[in-house]
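Undergrad: Read off the chains here:
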Amino acid sequence: MPSELVIKDLRVKVADSDLEVLKGVNLTVRQGEIHALMGPNGSGKSTLAYAIMGHPHYEVTEGDILLDGESILELEPNERARKGLFLAFQYPVAVPGVSMSNFLRTAVSNIRGYTDKPAVGDKPGVIGSNLMPMKEFRAELLQKMDEFHVDRSFARRYLNEGFSGGEKKRVEILQMAMLQPKIAIMDETDSGLDIDALRIVADGVNKLAGPNLGILLITHYQRILNYVKPHFVHVFYNGRVVMSGGPELAATLEEKGYQWVKQQFDEPALVTA
Amino acid sequence: MTTQLKVRSELALTAEGVEALSALRNEPTWFLDLRQRGWRFYEEIPWPTGNEEEWRRTKLTGLDLADFRLPDSPVSGLRVASTAELPAHLQEELATVESAGQLVTQDGAVRYRWLDPALEAKGVIFTDLDTAIREYPELVQRYFMTDNVPVDANKFTALHAAFVTGGTVLYVPRNVQIELPLHGVTTMRGGLADFSHTLLIADAGAEVTYVDDLVSADQEASFHSGVVEIVAHPAAVVRYLHYQDWNVNTWHFSTQQAQMKRDAQLTWILSSWGSRLSKINLEMQLQERGGHGELLGLYFPSGRQHIDHHTLQNHIADHCTSDLLFKGALRGRSRSVYSGSIKVHPHAQKTDAYQKNDNLVLDKRARADSIPGLEIEADDVRCTHGATVSKIEPEYLFYLMARGLSRYQAEQLIVTGFFEEVLNRVPVEGVRRKLEHVIARKIIGG
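Chains A and B are the protein sequences, given in the same order.
Take any residue in the first sequence, count from 1 to its spot, add 5: that is its number in our numbering.
Take any residue in the second sequence, count from 1 to its spot, add 11: that is its number in our numbering.
Next comes chain B alone, as it looks inside the complex:
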């Protein structure tokens, strides 16, 4: 289908590309300025060399940005009025979750959007970034890559700022509680570079669940450099479920950060299934007293996939708790890296922080590295961390097979059982089911 795309040569990942993109989208000057700032930082920040601790185990060999181009957007012609007009795989994806709003983005442009009118009436904003820039500039100016994920956080966030396309802006006003989840699906075709952004703001006392799915439209290589910014204002309750299932030829870079204000609660679930290589940075900032954050991760690389998660539980204020559990299984010749840190600032007394990473290595040639860490500057805190890397117990396999289960069924039960601890804590039933399906698929190496 690529022949139908009119490739504009100016839409390359270059300084000219930045201007062309902004012009094509009729963006205000302030946003072009932000893009250009992103481009300047991108040029200034050197490529990771492998000398930095964070990049010691993850190499970018084989990545050439010249292989990818920006989508020929805006693709307004692709927008549809009902989900029935969407491709089957997107319909299926949407059907997994019973939701109060849906936003489908393909190749950096909205294909479908729906929000329960009752929520519109309450002032909930659930839209794409382009629309938000036009209609809610003050919201974007206040929150978009300012003090949460700064433009110059790293080379990929700078590149993201320069070329951000599509993405979701979700704002829930004060004390508005949304019962059903909102559901975003981002998809892209091979050869493209995707810079989608998720901006989730829950105002004081608000409650929201957002399911953020990333899926490929085909099997060709593509490139994603994403940013997720979450702000949970005082006493807000936020559940954010990030599900990455690109094809195994795609490069995935994602920087995600959540700011938690007083007594805010956040359940943050990150799952990584697809991509050729993933480098994901997560930071939970407990900025004010009484915050409670739960950070759960699932990953399952197979074949030659490489998945790298780095987490930071950043305890800035006192009396906050954070609870992290990352579990990964590995198949084939895949590789995973988990590195995590709990940082407790001098004033963050009565911090209660937990960090655990478990890995189940299914094949001899797969390898999991786990590097947990603590950095504690307060004296009245409770912090525990731990990491395990193990294989399937042969005695489990024998027991289950002796009862008539095939090796595959036994492995499936054991691996699903391994993930159960996290699956049990997934607050959206449809997502839990989807996770069970993807685990079953990954066991056969898919």
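Chain A with its partners taken away, still in its complex shape:
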């Protein structure tokens, strides 16, 4: 049975404040499906991505997020990752002094269960002896780097430090390829990319897409949908999914613009403000 991410009547506010960002989101993404979630800036798209992954800055006040029927709300981000969720960041952070390969080997080892076994012959608390064997990891990493057009030198470089916008996004796709999630949320993966970079990233997404991966592609622009063909398109506005449909919805949106959405779904109070 394919995995299924179900978002049910989800309400989310910013922690330590009264600001409600998500106001009853309903959405289901299954393995094998590509969903595009489109909406204007400030509609809460990124908050949804963060809430699914368990960012501590956001607090779920109502509703639920279920993965294969089980609520994941109480799980730490790493436990959600372990269950097969992946978030490709809009702004991947640069972590000083942390090499990509070192970080990714630890991540892959956790996700694939290597670290469930206790470390042997090593001092306590030291990452190392129970990770995926270096040789095996390296071979797979290099093969995937070639496949996803990431220069091999990036393995030794510090994570995202000094990477260009396009390089960061390609490295996000590479990580996704290594971690093999069931459901991937891609938060504005297309933003800030020139057309060549966009094409490379879209190619990466298409390579990974298939029966074992469900994708929630969050985007502001229609243009990535020229390269990645979604099965479903949702329009997100003011913290909710306000319209759902097939690929034709993206075309309508492209034609009429977000103004068309705003006119239909704006709350009167906001219009006068």
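Quick caveat, the hints were computed from the structure, so don't treat them as lab data.
No false leads were mixed into what you were given.
Below, computed lysine to any residue pairings styled on SDA-like, alpha-carbon distance capped at 20 Å:
(1) B:K70 <-> B:W58
(2) A:K88 <-> B:L408
(3) B:K367 <-> A:P101
If you want the footprint, here are the derived chain B segments under chain A, 3+ residues with CB under 8 Å:
(4) 408-415
(5) 423-437
Calculated from the model, a selection of chain A residues having no Cβ within reach of chain B, i.e. all distances over 10 Å:
(6) K28
(7) R35
(8) G49
(9) E145
(10) A160
(11) G167
(12) D199
(13) I200
(14) D201
(15) A202
(16) D208
(17) L213
(18) Q269
Even for Gly, the Cβ is constructed at its ideal location relative to N, Cα and C.
Knowing the structure of chain A, use the given hints to seat chain B on it.
TA: Relative to chain A, chain B alone:
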């Protein structure tokens, strides 16, 4: 095991103790004189009160010297012929570094010594202080607490001079270059006071790397008042790696000074992990033209540890460079103090000096103070300094955890990454690995 020690009541930290110690070791009069001078200064110099700038943030509450006694030395019976006869923790310590010579000192006496015979043949001296006093008196008389760290530098150096026991004398003759590091391990048991001394002299054109480890033999409180003196003669290349990992009940006082002659190069790496309280004073003296000094520090107090470093980059001569980077992480309710100064004398034109201190505070109740400073009397110089105190970026944690790393793994990568800038500059691979291990241990509060 303390029951096996015959405690001699006369070996207390008193004037009588000074004489008893010297007699027990059959020391020459000139050395007894030096000890007695140390004791006189110790009695004259008042205890720090906290009014002095240097002691404003570091209090000695709870320190009572009467709690500690001198080791019942000489413990010649403890000397072994091979490392296999040493306790496991010392064997492990030695195994961390591939070396050309090893000197293990326990409770102020040598337990094991080895030096590559090829180096002996070249005239390299690598021995304990007691042996050096007997066999190389002129070397000790010339360099031991004379114009480098004077006996009366502070109360703890005076006490050190009075009771110095054990310690390492390393002399590298002119133009002798030693490829592998030499490795010293100093250890002591609880209840003892340790006054080990490191005297490192590199003659003109010599090259040497010395790894100086201080580790406890148990978890009981002890007391260390140490002095490190380094002299790098013209064009010498010296790398000195000081690694302090006493148990967290031990008091640690250390005054270290390096004198650099013309075109000398020094890489000085100080790491502080253990101790209840550490007060460390470092001074790099660039005495002659063309010297280049690199001073790197790592520290990571946890629990209720208190670690205080004070540094001075003392530019006396012109055309010298000094480059200081101290990085510290803090756990639990620990506290760190870094204060540093770059001093440029009027004739030290074309000085290029850099000083930076970064702190990463991991827990709410930990606190790091950083007080950088400049004192410049020359007009054609380049000096920069800076200090930061920061917390772990929540966005770093979230990013790494979203990829499946546990909080502990994420913190470990972030903290190791924070230290990476210094770790990358550690010239001995074994020491670098050891530093990574100790950082991992400290993250869990150990």
